[in-house]
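Turn these sequences into a full structure, and let the hints steer you where they fit.
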Amino acid sequence: MAATQFVVNGLLVGALFAGVAVGFALIWGVVDIINLAHGEMVMLGGYTSYWVLTLITGNAEGSPLLFLATIPVAIAVLFGIGYALQRTLVSRVIGTDIFLTLLVTFGASIAIQQLAIQAWSANPRSIQVSFADPSMTLAGIVVPKMKLVAFAGALVLTALMYVFLQKTRTGRAIRAVSQNPEAAALVGIDVEHTRAVTFGVSSAIAGGIGAFIAVILNIQPQMGLIYTLKSFIIVVFGGVGSIPGALIGGLLLGSVEELVAGFASSQWTLAVSFSLLIVLLILKPKGLFGQEADQ
Amino acid sequence: MSTTDEESGGVLRSILPPEQVDRFLGTCDDYGWPLLGLGALVAASFPLLGLEGGYYMTVLTEMFLFAILALSWDIVGGQTGYPSFGNMAFFGIGAYATAILTKDFALAFPVAFLLAGLLAVTFAAIIGIVVLRLRGHYFAIATLGVLLVAQQVSRILDITGGASGKILLETPSAETFYYLFLGVLVFEMGLVYYLSGTRFGFVLNAIRDDEEKATAMGFNTTYYKTAAWMLAGLFTGFAGAAYSLFNTFIDPQTAYNGAWNVELIAMALLGGSGTVAGPVIGAFGLHTIIELVETYAVGWQLVLLGGAVIITVIGFPKGVVGTLSEYASQMDYYKHGGMAATDTDDGSEVSADE
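Here the protein sequences come in this chain order: U and G.
Everything in the first sequence is counted per our numbering, starting at 45 for the first residue and increasing by one.
Everything in the second sequence is counted per our numbering, starting at 2 for the first residue and increasing by one.
Worth double-checking, as some hints may not be accurate.
Under the rule of at most 20 Å between Cα atoms (straight-line distance), these lysine to any residue pairs were calculated in the SDA-like manner [what the hints assert, rightly or not]:
no., chain 1, residue 1, chain 2, residue 2
1, U, Lys189, U, Ser135
2, G, Lys104, G, Ala175
3, G, Lys214, G, Asp159
4, G, Lys104, G, Leu170
5, G, Lys319, U, Gly139
6, G, Lys104, G, Asp159
7, U, Lys211, U, His237
8, G, Lys319, U, Ser135
9, G, Lys104, G, Ser165
10, G, Lys319, U, Ile142
11, G, Lys214, G, Arg200
12, G, Lys319, G, Ala207
13, G, Lys319, G, Gln302
14, G, Lys319, U, Thr140
15, U, Lys189, U, Leu199
16, G, Lys319, U, Asp141
17, U, Lys189, U, Val316
18, G, Lys319, U, Ala104
19, G, Lys214, G, Thr199
20, G, Lys319, U, Leu144
21, G, Lys319, U, Ile138
22, G, Lys214, U, Asp141
23, U, Lys189, U, Leu109
24, G, Lys319, U, Arg136
Residues from chain U that face chain G, not an exhaustive set, calculated with beta carbons under 8 Å [to be verified]:
no., residue
25, Ile100
26, Thr140
27, Gly151
28, Leu273
Since the hints were derived computationally from the structure, they do not count as laboratory data.
Model, not experiment: these values are computed from the prediction.
Just so it is clear, CB atoms sit at the ideal spot from N, CA and C, and this is done for glycine as well.
Have a look at this one:
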């Protein structure tokens, strides 16, 4: 029975990991950049939501609806940050050595981290959402309501992004740039702008998820790196450029982590998931659902 | 682009004649060893001038430490083109090994130091077999993962003192560490300089430029890159081995410091990766800046470091040495004909390729 409970917990949190990873996969697939500052976007999204709620209610507590209302703000703010990041920094190193792009985003990530410490101190914070009855029991399994809301929110955000990419004109442009930037430019797509929008969308979904993380876990300035790494594991697992792959990868990683934490200790989760990653990279370098996005 | 090159070239030209810059920096077969020896002698004589035990000696010691780290990173990152974000894992292994061996097993420091280096090399060999099969993004993230896992493990184990770490009180004198780090640095510089003129060094650069072609030419690239990785592991391990006692304290955060890992990459890039002098110059330069910031603007080091990394990568991807030697070879090219119609003092027609 315990195992089922762990898996359920894992799936609930895993959807959040998946949402973060989907944004990470989008940049990787379209711009061919590993954004090492992606986790910082999650962190900034959490803080944005926290701030807005504090501005409205005076402290970081509120009803579920009020909290949900802060999410579009986090998404909008992070879209702007992502767009600016691509335009000011990343666009200058595209096409050079892969390693330089890693360094630029890592540089941005540590700078943002310390700026966040200066702004908000290193103490962990969380948003308190009041439910009359915080958790419910289904067939012997305890499900906290807020985790369920966050799970649903993450799935909705991921689905919205999928629809955006498939159905809208901008989404088609993004996919065109991902497949062949030169040809996209030839048919009149503004490649630079499209890449910046991609960066913005990716950061926006990370920011939205960050708000949910602020509710069910907590946020602090140095949390970013772990989310970046988890995204990397998930994307490698699911295959670069595959949104369904990232979704399944996220749910799986969440379950594995909860099982490790439940049966061994939460200290081992990172070591176990990274070992899995390395084994996977060697056995199946393109991931389970792998097709190279740019080929 | 070209206008700024010319402007800076104009200033530089008046200070440094390009041929001499070129000879000094890279392709200097005649001057390399004497310069290295002279540098070592000058550095070795500093403590005799009455710096012993003081603030400046500590700062210089740290500079040697970072120069070792940056140069070690560069053997794999710059020379071989496998950018590692996890070199500090070797540092941590070395640091914990000496801490445990001297404190819990009461071994003498020199013995513990050598054993720690050996341990770091062994670890590098094992890890290398796995991660060196990966390339690009995958290699970078896998090495970062190795670093984080090593840090996590040191936090859990009892022998490492867990999260609270180990305090080490019986340590050699400050002067010992000064000479130890200097000795390791000089030895490493000499070795890298020597290797860069041998087949080993050429194959490493060939792997960086086109690994498939190097394999096709019949070189066992796995052997070469693993050897380079182990060499980097050895020197990084030595640096860590001395650091734990030098610092008199070690914990997971200091032993496996991810920010330091970025710092040493920045140093190698800033100075000029793929050269012998570059990482060392970069280490001295960036450490000076970081030391100033830590004194006058506590709490902003990482902002500065991040900014420095971004500016370096965008502005001077080839670093100080790379930019200077590019300038030198450009000037050389102009001097011997080429495109420089304006350079009138050598107007004779010489073919561009000598």
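### Which numbered hints fail
Of the numbered hints, 1, 3, 13, 17, 18 and 25 do not hold.
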